[in-house]
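> All chains should be modelled from the sequences, with the hints used to inform the complete structure.
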Amino acid sequence: MRARSGCALVWLGLAGCGGLPGETVEAREVAAQACPAGVASRVKVVVPPGSGSSVNGPYPESLVDVQGQLYFATNFFDGSAVLWRSNGTEAGTTWVKKLDAQAVPIGQTGFAGNLGLFLLRDGPNTEVWKTDGTSGGTVRLETFGKFVNLLGALNTSVYLYSMNPSTKRLRIESVSLGGGGKTSVTTLPNPYSDQEDAYPSVQRTATSGGKLYFSVAIGTSGPAPREVSLWALNGAAGTVQLSRALSTGDEYASPLFPTGTGPVLFVASKSGSGIEPWFTQGSPATTGQLAEIRPGAGSSVPDAFTLLGNRIYFRAVDDTNSFQLWSMPAAFSCPAGLAEAE
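Read in numbering that gives the first Met the number 0, the sequence shown has 33 at position 34, and its numbers run on one by one without any break.
To be clear, the hints were calculated from the coordinates, so they are not data collected in a lab. Keep in mind that this is a model prediction, so the values were computed, not measured. No residue lacks a Cβ here, since even glycine has one placed at the ideal position from N, Cα and C. Warning: the hint list may mix true and false statements.
What the hints assert, rightly or not - Under the rule of at most 20 Å between Cα atoms (straight-line distance), these lysine to any residue pairs were calculated in the SDA-like manner:
1. LYS181 - ALA223
2. LYS97 - ASP131
3. LYS269 - GLN288
4. LYS43 - THR133
5. LYS97 - VAL63
6. LYS269 - GLY234
7. LYS43 - GLY87
8. LYS167 - SER200
9. LYS167 - GLY144
10. LYS181 - GLU195
11. LYS181 - GLY234
12. LYS97 - GLN107
13. LYS167 - GLN240
14. LYS97 - LEU140
15. LYS43 - GLU89
16. LYS97 - GLY109
17. LYS145 - ARG168
18. LYS167 - GLY135
19. LYS167 - PHE143
20. LYS181 - ARG139
21. LYS145 - PRO104
22. LYS181 - LEU140
23. LYS269 - ALA223
Said to hold, decoys possible - The calculated label-pair distances, taken between Cβ atoms and stated as ranges, are:
24. ASN233 - VAL44: 43 to 49 Å
25. CYS333 - GLU89: 48 to 54 Å
26. ASN55 - GLN240: 39 to 45 Å
27. LYS43 - ASN320: 47 to 53 Å
28. GLU250 - GLY37: 39 to 45 Å
29. THR182 - ALA330: 33 to 39 Å
30. ASP99 - PRO283: 42 to 48 Å
31. GLU250 - ASN309: 29 to 35 Å
Given below as structure tokens:
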């Protein structure tokens, strides 16, 4: 062994030798680990073979789970927009209905109970559709002569919102799932409407306890909003503002997490503290701070809320100055009217 090392030193000192005679180099390649054939499989051919692989389609799009049933569309399929449903099998993947004779993009998807909801962008118009998975049950509920977005569904109504660029205010309207026209619900105030680039937009939505929650960000000329507020919509009872102090970070938006027991968790701040976990049940009196995980002006930045059994797990920065795993009961009782986020 020692003699071989000595030879190596001698040979390294010789110019132009090109290495030791008979020296072999071990292969450094690592063979790729492959799963058995069939782990991933095509469900069904839904786009005609030879249609191409452009990033602009055609391809299956707007996939949404509605009570365990998958709905999706193949826009530009044979020059039209087509709705499909699937139970995950080839035989159970069927063409529901041709939505339009020409290519129209699907803007948003959602659900109301066991009904699928989707918006079609047809030029300057927005069409609101529902489907129960059958051709006869796939119908257009209403057409708006403007760009509207899906906010959510409560009881027998679908709620949508639009932004007026002149007034810089959000308008909420509803459409009955049974059809019958659109109804104006409310127009949200914008205390910054006289300022440049103060356009409102909806950040997050959640439904819990018969209420529809949504956060509204007021824009700036930069990436971060100047204010983010939390609202609750309770059908005919209208809307109520719950907080004006949600996260205004350009890389972190407040989660809206239904606990499964009624309350919704979100993230906000109050005077003298950073952003911490808060809760609400849809009124100012039932809105408050859940915990002060990182005391002082620092923020705990809670995120990744996950319900497992009867507990909710999440990550947060605590007194270790690092993200740690935290948990809380899904069902909890806190004093009503804890200090509101202002």
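> Hint by hint, say whether it matches the structure.
How the hints compare with the structure:
1. Under the criterion of a C-alpha separation no larger than 20 Å, the hint pairing LYS181 with ALA223 is inconsistent with the structure, at around 34 Å.
2. With a C-alpha separation of about 14 Å, the suggested pair LYS97 and ASP131 falls inside the 20 Å cut-off, and the hint holds.
3. A C-alpha spacing of about 9 Å is found between LYS269 and GLN288, which places the hinted pair at or below 20 Å, so the restraint holds.
4. Pair hint LYS43 plus THR133 holds up; C-alpha atoms about 19 Å apart against a cutoff of 20 Å.
5. For the suggested pair LYS97 and VAL63, the alpha carbons sit about 18 Å apart, so the restraint of at most 20 Å is met.
6. Between LYS269 and GLY234 the CA atoms are separated by roughly 29 Å; this puts the pair beyond 20 Å, and the hint is violated.
7. A hinted pair counts as satisfied when its Cα atoms are at most 20 Å apart, and LYS43 with GLY87 qualifies at roughly 9 Å.
8. Among the hinted pairs, LYS167 with SER200 is consistent with the structure: their alpha-carbon atoms are about 10 Å apart, no more than 20 Å.
9. Between LYS167 and GLY144 the alpha-carbon distance is near 18 Å, which keeps this suggested pair within the 20 Å criterion.
10. Restraint check for LYS181 and GLU195: not satisfied, since their Cα atoms lie roughly 31 Å apart, outside the 20 Å limit.
11. With a CA separation close to 14 Å, the supplied pair LYS181 and GLY234 stays within the 20 Å bound.
12. For the given pair, LYS97 sits about 17 Å from GLN107 by alpha-carbon distance, which is consistent with the 20 Å threshold.
13. A hinted pair counts as satisfied when its Cα atoms are at most 20 Å apart, and LYS167 with GLN240 qualifies at roughly 18 Å.
14. For the hint linking LYS97 to LEU140, the alpha-carbon distance of about 16 Å falls within 20 Å, and the restraint holds.
15. Proximity of LYS43 to GLU89 is assessed by CA-CA distance (about 5 Å); at most 20 Å being required, the pair is judged to hold.
16. Distance hint between LYS97 and GLY109 is fulfilled; the C-alpha atoms sit about 19 Å from each other, no more than 20 Å.
17. Proximity of LYS145 to ARG168 is assessed by CA-CA distance (about 15 Å); at most 20 Å being required, the pair is judged to hold.
18. A hinted pair counts as satisfied when its Cα atoms are at most 20 Å apart, and LYS167 with GLY135 does not qualify at roughly 39 Å.
19. Under the criterion of a C-alpha separation no larger than 20 Å, the hint pairing LYS167 with PHE143 is consistent with the structure, at around 19 Å.
20. Distance hint between LYS181 and ARG139 is fulfilled; the C-alpha atoms sit about 13 Å from each other, no more than 20 Å.
21. The straight-line distance between the Cα atoms of LYS145 and PRO104 is roughly 15 Å, inside the 20 Å bound, and the hint therefore holds.
22. Proposed proximity of LYS181 and LEU140 is supported: the alpha carbons are some 9 Å apart, at most 20 Å.
23. With a C-alpha separation of about 19 Å, the suggested pair LYS269 and ALA223 falls inside the 20 Å cut-off, and the hint holds.
24. About 46 Å separates the C-beta atoms of ASN233 and VAL44, a value consistent with the hinted range of 43 to 49 Å.
25. Checked against the hint of 48 to 54 Å, the C-beta distance between CYS333 and GLU89 comes to roughly 51 Å, which is consistent with it.
26. Look at ASN55 against GLN240: about 41 Å separates their beta carbons, and that is inside 39 to 45 Å.
27. Between LYS43 and ASN320 the beta carbon distance is about 52 Å. The supplied range of 47 to 53 Å therefore holds.
28. Between GLU250 and GLY37 the Cβ separation comes to about 41 Å, which falls inside the hinted range of 39 to 45 Å.
29. In this structure the hint that THR182 and ALA330 lie 33 to 39 Å apart at CB holds, the actual value being about 35 Å.
30. The hinted window of 42 to 48 Å between ASP99 and PRO283 holds, with their beta carbons roughly 44 Å apart.
31. At about 32 Å, the beta-carbon gap between GLU250 and ASN309 stays in the expected band of 29 to 35 Å.
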